[in-house]
Amino acid sequence: MRDPLVATFSIVGFDPATKEIGIAVQSKFLAVGSVVPWARANVGGIATQSWANTSFGPKGLSLLQEGYHPEEVVEFLVRHDENRDLRQFAILDAQGNTAAYTGKGCFSWAGHVNGQNYSCQGNILVSSKTVESMADSFLSSEGALAQRLIGALDSAQAAGGDSRGKQSAAIYIVKERGGYGGYNDVALDLRVDDHPEPIQELQRLYGLHKLYFPTEEATLLPIQGEVLAELRQYLIEENLLGRDSEPAYTPQMKQAFHAYAMRENFDDRWHEEPVIDAEVLMYMRKGELR
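Using the numbering used here, the letters of the sequence shown correspond one by one to residues 1206 to 1495.
FYI, nobody ran anything at the bench for these hints, they're computed from the structure. Glycine included, C-beta positions come from ideal geometry on N, C-alpha and C. Treat the hints with caution; some may be incorrect.
To be verified - What follows is a set of in silico ranges between Cβ atoms, one per label pair, in the way DEER data are often shown:
no., residue 1, residue 2, range
1, Gly-1320, Gln-1270, 14 to 24 angstroms
2, His-1463, His-1274, 46 to 56 angstroms
3, Ser-1260, Asp-1394, 16 to 26 angstroms
4, Gln-1270, Gln-1438, 25 to 35 angstroms
5, Gln-1460, Glu-1277, 22 to 32 angstroms
6, Gln-1270, Asp-1398, 21 to 31 angstroms
7, Leu-1425, Gln-1321, 32 to 42 angstroms
8, Ser-1333, Glu-1469, 21 to 31 angstroms
9, Asp-1472, His-1285, 43 to 53 angstroms
10, Asn-1470, Gly-1430, 24 to 34 angstroms
11, Gln-1460, Glu-1276, 53 to 63 angstroms
Start from the sequences, fold in the hints, and give me the full structure.
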């Protein structure tokens, strides 16, 4: 049976400061996140597409872990694949070295642009501007790797994207002990399997992810003054605190706030000290994240 045609554009990126390795992808293909992105903390990341050979993911990562350079891994995988002309894939190691391959049988427009810490690739695209825009966006951006990768997808789509349209998108980022509770290395794994605007939906999901996971201390606000009054009123409206409660951050109010935080899955944003995370306060003000 022939491998599935995964016509798509993707980016593999590395953040030297955080040691995060990530892949972001968009395609006119159902659930592209189940096929294209592969990564292993402190090892590397791989995007495999266009009649995707998904065995390239685990095989390539194992070769990287053994110490092979991305160019050597590409050469090995291509040499041992009889359908090499139909494949497109990119490899990045934990030092930011990259290599990519676009088979001569990939449907036009197909190609890649890669350099230190990134590789952008795509097939069945409107033009080369799609991957060029991805690269330009990534290189000119700063901040969290996830936002840079999603921003690169957005720029690629604005430049034309997949010539057949849009359907799914995904982002996958690994970092040692970067997962929930530090128990695994999956720092981010978000997928939009079927949506008319998959990149926009991926951005929305990333917003939710940022909401539910820890932030830096700089975003913590002391519960006093206007913040205290606002929090107290909100807890009263949520029937978690009595209207006759004292206008102070009492043990009763702290208990009510804790109940609210646990109810809304803000476990990682709860603090015993009299502070509130700015993201939680914003969530309260909006009623929900939009």
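* Which hints from the list above does the structure break, by number from lowest to highest? -> Numbers 4, 5 and 8, in rising order.
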